[in-house]
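A.B. asks: Keeping their order, the protein sequence lines are chains A and B.
Those letters in the first sequence? Residues 1 to 106, per this note's numbering, in order.
Those letters in the second sequence? Residues 107 to 999, per this note's numbering, in order.
Be aware that a few hints might be false.
Said to hold, decoys possible - Derived DEER-like restraints, expressed as beta-carbon distance ranges: (1) A:43 / B:187: 31 to 39 Å; (2) A:100 / B:147: 27 to 35 Å; (3) B:190 / A:20: 49 to 57 Å.
Unchecked claim - Residues of chain A clear of chain B, computed beta-carbon distances all greater than 10 Å: (4) 6; (5) 36; (6) 58; (7) 66; (8) 67; (9) 69; (10) 103.
Claimed, not checked - Computed from the model, here is a short list of chain B residues facing chain A with C-beta under 8 Å: (11) 127; (12) 129; (13) 134; (14) 135; (15) 164; (16) 774.
Rather than coming from a laboratory, the hints here were simulated on the basis of the structure.
It should be emphasised that the depicted structure is a prediction, and the values quoted were computed from it without experimental measurement.
Beta carbons: idealized from backbone N, C-alpha and C, even for Gly.
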Amino acid sequence: MKILGSFEELVLLAVGSLRDQAYGVAVKDLLTEKGGKTPSIGALHSALHRLEDKGMLDSWIGGATSERGGRRKKYYSLTPEGKKALQDAHDVRAKLSINIQGLKLG
Amino acid sequence: MKKPPPKPPKLAESFLQWYCRPEILEILQGDLHELYYRRVDEIGLTRARLYYFRDVLDNCRPFAWGATRSSSSNPKDMFINYLISAWRNISKRKQFSFINVMGLSIGMAACLLILQYVNHQKSYDNFHSDLDRLYRLNLGMSNTGDSEIIYRATNHPAAGLALKKDYPQIEEIARMVDVAIFMGSSVLSYEPDGGTALTFYEESMYVADPALLSIFAFPMLKGDPESALNHEDNIVITESLAKKYFGNEEPLGKTLALNGQINLTVTGILKDLPKNTHLDLTALFSSQVFSDGINNAWIWPEFHTYVKLIPGVDALEVEDQLDGFVNQYLGDIMREFGIKEGMNLQAVKDIHLQGNLLKEVKETGNQKIVSFLILIAFMILLIAWINFINLSTSRSIERASEVGIRKVVGAGKGNIIIQFLTESAVMNGMAIGFAFLLVLLVSPYFNRIAGEEIITGTWLRQIWAESSTWKAVLLLFLGGTFLAGLYPAFVLSSFQPIKTIKGHIYQAGRKIHFRHVMVVFQFVVGLSMITGTAIVFKQLSFMRNQELGFNMDQLLIVKAPSIFDSTTVDRTRLFRERLLQHSQVQQVSFSSDIPGHNIQNINTIKRKEESIEEGFFATYQNTDEYYFSTYEIELIAGREFSEDIQTDTRAIILNEKAVGMLGFNSPEEALGQEVSIKLIGWDDLKVIGVAKNIHNQSLAHGQLPIVFFNRGGFNFDYLNIRLNTEDLHRTVAMVEEAYNEIFPRNPVEHFFLNDYFDKQYQADRKFGRVFSLFAALAILVACLGLFGLASYISSLRTKETGIRKVLGASTTQIFALLAKQFLWLILVATLVGIPLIWWGGNQWLSNYAYRVKLNVWVFVLPVLSFFLITALIVFWQSSKAALVDPVQSLRTE
Numbered sequence: 001m002k003i004l005g006s007f008e009e010l011v012l013l014a015v016g017s018l019r020d021q022a023y024g025v026a027v028k029d030l031l032t033e034k035g036g037k038t039p040s041i042g043a044l045h046s047a048l049h050r051l052e053d054k055g056m057l058d059s060w061i062g063g064a065t066s067e068r069g070g071r072r073k074k075y076y077s078l079t080p081e082g083k084k085a086l087q088d089a090h091d092v093r094a095k096l097s098i099n100i101q102g103l104k105l106g
Numbered sequence: 107m108k109k110p111p112p113k114p115p116k117l118a119e120s121f122l123q124w125y126c127r128p129e130i131l132e133i134l135q136g137d138l139h140e141l142y143y144r145r146v147d148e149i150g151l152t153r154a155r156l157y158y159f160r161d162v163l164d165n166c167r168p169f170a171w172g173a174t175r176s177s178s179s180n181p182k183d184m185f186i187n188y189l190i191s192a193w194r195n196i197s198k199r200k201q202f203s204f205i206n207v208m209g210l211s212i213g214m215a216a217c218l219l220i221l222q223y224v225n226h227q228k229s230y231d232n233f234h235s236d237l238d239r240l241y242r243l244n245l246g247m248s249n250t251g252d253s254e255i256i257y258r259a260t261n262h263p264a265a266g267l268a269l270k271k272d273y274p275q276i277e278e279i280a281r282m283v284d285v286a287i288f289m290g291s292s293v294l295s296y297e298p299d300g301g302t303a304l305t306f307y308e309e310s311m312y313v314a315d316p317a318l319l320s321i322f323a324f325p326m327l328k329g330d331p332e333s334a335l336n337h338e339d340n341i342v343i344t345e346s347l348a349k350k351y352f353g354n355e356e357p358l359g360k361t362l363a364l365n366g367q368i369n370l371t372v373t374g375i376l377k378d379l380p381k382n383t384h385l386d387l388t389a390l391f392s393s394q395v396f397s398d399g400i401n402n403a404w405i406w407p408e409f410h411t412y413v414k415l416i417p418g419v420d421a422l423e424v425e426d427q428l429d430g431f432v433n434q435y436l437g438d439i440m441r442e443f444g445i446k447e448g449m450n451l452q453a454v455k456d457i458h459l460q461g462n463l464l465k466e467v468k469e470t471g472n473q474k475i476v477s478f479l480i481l482i483a484f485m486i487l488l489i490a491w492i493n494f495i496n497l498s499t500s501r502s503i504e505r506a507s508e509v510g511i512r513k514v515v516g517a518g519k520g521n522i523i524i525q526f527l528t529e530s531a532v533m534n535g536m537a538i539g540f541a542f543l544l545v546l547l548v549s550p551y552f553n554r555i556a557g558e559e560i561i562t563g564t565w566l567r568q569i570w571a572e573s574s575t576w577k578a579v580l581l582l583f584l585g586g587t588f589l590a591g592l593y594p595a596f597v598l599s600s601f602q603p604i605k606t607i608k609g610h611i612y613q614a615g616r617k618i619h620f621r622h623v624m625v626v627f628q629f630v631v632g633l634s635m636i637t638g639t640a641i642v643f644k645q646l647s648f649m650r651n652q653e654l655g656f657n658m659d660q661l662l663i664v665k666a667p668s669i670f671d672s673t674t675v676d677r678t679r680l681f682r683e684r685l686l687q688h689s690q691v692q693q694v695s696f697s698s699d700i701p702g703h704n705i706q707n708i709n710t711i712k713r714k715e716e717s718i719e720e721g722f723f724a725t726y727q728n729t730d731e732y733y734f735s736t737y738e739i740e741l742i743a744g745r746e747f748s749e750d751i752q753t754d755t756r757a758i759i760l761n762e763k764a765v766g767m768l769g770f771n772s773p774e775e776a777l778g779q780e781v782s783i784k785l786i787g788w789d790d791l792k793v794i795g796v797a798k799n800i801h802n803q804s805l806a807h808g809q810l811p812i813v814f815f816n817r818g819g820f821n822f823d824y825l826n827i828r829l830n831t832e833d834l835h836r837t838v839a840m841v842e843e844a845y846n847e848i849f850p851r852n853p854v855e856h857f858f859l860n861d862y863f864d865k866q867y868q869a870d871r872k873f874g875r876v877f878s879l880f881a882a883l884a885i886l887v888a889c890l891g892l893f894g895l896a897s898y899i900s901s902l903r904t905k906e907t908g909i910r911k912v913l914g915a916s917t918t919q920i921f922a923l924l925a926k927q928f929l930w931l932i933l934v935a936t937l938v939g940i941p942l943i944w945w946g947g948n949q950w951l952s953n954y955a956y957r958v959k960l961n962v963w964v965f966v967l968p969v970l971s972f973f974l975i976t977a978l979i980v981f982w983q984s985s986k987a988a989l990v991d992p993v994q995s996l997r998t999e
């Protein structure tokens, strides 16, 4: 079982929920909006690369558009391994939280 | 349409582009731009730009860095590869590398030698504690009319005491006066119980205030520095003096006699003074012997006066008040004698290099020479660096294909530069090693010509022990590596791979290369140094071969007896008669001074009827009736002193210079006139004779006005004996014997005047020798470079000469062709160099009152020898190309 850092876990969740629209700025926006905190863009990129290196994310380069001066975007998606890692992380929490009264983890 | 917002800041953009690896640059930049433009709308341009900066910096993390660089070439491996290829290149072209490394190491060795010399000069007096508070109170004097103030290292006896009394900023003062001046002479003697007396002339003995021992804090081996000079019969001597008189006996408590009259008890033993101080002491007497009269005297400026300030006091602030101080105490005296005086404080640490005043304790150094040597060291180093640059760039063809291949394989310009710098570093490293060896090798010679132990056995250890020196060594290494290595590295790294591999890279052409300019520079420096040396030695021999106005040959000087009594005057007469009985002795006379001795007595003279303001400084000396015939000085008017004429004790003989300055139109006009020497209270001295001018100092100085007088009695310091003999040795022995018999208990000390006079040129000779050593080094390095360049260029033209020969060129024509370009460079160098040398030479010569005239001939020999050396080197090197069978040279590819 691979251990995920808490920021990595958030990034994986965000990428997963964005489906095929997960590129740097979009992930950052989602984390800002739903995650309740603003990650620095450097930390985010660094995490994305790291997760890709660990095999939890896959990526492809999008087509050139007129946006951003014609610069292409790099899109990420969850790999099965990434999904499993999220699942594992969730299970660990569930197991550990079971005896905490008044705490309900899905 | 809405105007598009300005682009993100350039600086941040280029930083991003610099660190970010190309594969992800587009993505990263895209994201950052998207955020940026959004923020421009949301929070405004300024803050968006700021955020953009922050984001760029934020993304500067390992994931974004230039992975190509680190993944495709491991820096450590590449560095090892550079080292290996540097070593291969160095060992492959042995001659080239040898010339380069040798040249560099000679240049570095010259620098190290001079560095050590300069350090030594700067080390003078820097070991005293509280150095920043130690000053010397100098006294300046001039005639009211004269503008030039002559400063001396000594002051009036009362000056130091008054300064301490009046100014609270002064913590302590100490005076010291030469015993020879204070007591008239300086002979020490020791009579051991039941043994024979030991008697010697001693130099550098001083009567000193007890505070001198606390101000300078020279280590004392025995005795108490606090009290050692508290009583008037105390004497503190150095270790070596104690050894001289007492051997291994306990020196403390022993009795020494001064001039056979005053008994003194040894109360302290000083460790011998180090050489690197402006002071020179062998014995100190207590200033308790000063009477109140002396302590209040404002008229005997012979006392070295040292001042220690209270911590935190600014010396300038004290100095500002000195004018008032001088006026307060010396105002009346200055008005009465028509002189002006002034005082200044000189930091003790500056005395050695910036002193050189009248009455210095010992010979001082010379800041100008120190700076000049630094310049020379730098020039030699520059020549060596130019060699390195020239040889490296001229070999660029050979290296060009190597560079081409490296570039094709993927090396960037930066890699190539680093590679060549590594090579340069290896060579400079080797050169430093050789330089150390060279310095150790030449150190005995260098110490000898410098006249001091400058490079000692522990020199190498000293270098690493002191941060200033090892930093200098590091600087030599880095300077050589980068300054000399950078240009070739840039030249070589900028070759374009396709061109170099195809082989068009470099055409010799006729255009002026940077290289030619540098060679001309080397020649100019080399030529200047040869010619400079020639000028120094020419001036020296000029000074030594001038007519001095008196005859120095076979003139034996014996110091006058210092232990005297009521019979001494009669004895001197007896001594003279005894010597004259010998046919080897032509004439004997007595005088208070001799030529070549530092001017001792200066005083204001004037015509009797003139006012004091019209007086001027002249030197004066006491002579007897035989002085002029002994020295063979020509009298151009009047007569010598005579024993038979009673009034001659109030008579004087002037030299032409004095006659002229007193305003007489002719020597004859001066005869019978009355002159006064105010300061010693002689008012009506009648001129009875006029002597030709003589050089009684080295020819660096002008001739001075001199007053000779004859006061009778015995006020002489020297016995002058004119000899005429084949056998100097036996005659001197005879003189010694007569002296010992007639002046018993007096040590006999004698020397020949020409040796003594010549000592004045010692510093010049030393300078000449040091200069020629470095000139030789500079030329050696320049020749090495020339040799390398000539050999390389002729090898380049092997094929060309082959073709020329096939087409019928003679060997001579080939030589001429190859030598032409170098001779042309020398010609340019000569044209540039001559005015430079002319100017510099005249600058140096302006230090001398009498100097050689520079003419074309000074240059002929150096220029010719330079041409000859170059021609020889080029001839030697080009003979390979010129003599080789064209079949051979054309067949090789």
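A.B. asks: For the restraint on residue 129 of chain B, tell me whether the closest CB of chain A is nearer than 8 Å.
C.D. replies: violated (10 Å)
A.B. asks: Any Cβ of chain B at or closer than 10 Å to residue 36 of chain A, or is the non-interface label fine?
C.D. replies: holds (19 Å)
A.B. asks: Taking the closest pair, is the beta carbon of residue 67 of chain A still more than 10 Å from chain B?
C.D. replies: violated (7 Å)
A.B. asks: Taking the closest pair, is the beta carbon of residue 58 of chain A still more than 10 Å from chain B?
C.D. replies: holds (15 Å)
A.B. asks: Given a hint of 49 to 57 Å, does the C-beta separation of residue 190 of chain B and residue 20 of chain A actually sit inside it?
C.D. replies: holds (52 Å)
A.B. asks: Using the beta carbons of residue 100 of chain A and residue 147 of chain B, state whether their distance is inside 27 to 35 Å or not.
C.D. replies: violated (45 Å)
A.B. asks: Please verify that the nearest CB of chain B lies beyond 10 Å from residue 6 of chain A's CB.
C.D. replies: holds (19 Å)
A.B. asks: Against chain B, does residue 69 of chain A hold up as non-interface, every C-beta pair farther apart than 10 Å?
C.D. replies: For residue 69 of chain A, whose nearest Cβ neighbour in chain B is about 6 Å away, the distance does not exceed 10 Å, so it is violated.
A.B. asks: How does the Cβ-Cβ distance of residue 43 of chain A and residue 187 of chain B compare with 31 to 39 Å: does it lie in that range?
C.D. replies: For residue 187 of chain B against residue 43 of chain A, whose Cβ atoms are near 38 Å apart, the range 31 to 39 Å holds.
A.B. asks: Holds or violated: is the Cβ of residue 127 of chain B closer than 8 Å to a Cβ in chain A?
C.D. replies: violated (11 Å)
A.B. asks: Taking the minimum C-beta separation from residue 66 of chain A to chain B, is that value above 10 Å?
C.D. replies: The claim holds: residue 66 of chain A sits with its nearest Cβ about 12 Å from chain B, beyond 10 Å.
A.B. asks: Please verify that hint: residue 774 of chain B, Cβ, nearest Cβ of chain A, below 8 Å or not.
C.D. replies: violated (104 Å)
The structure fails to meet hints 2, 8, 9, 11, 12, 16 from the earlier list, while all remaining hints are met.
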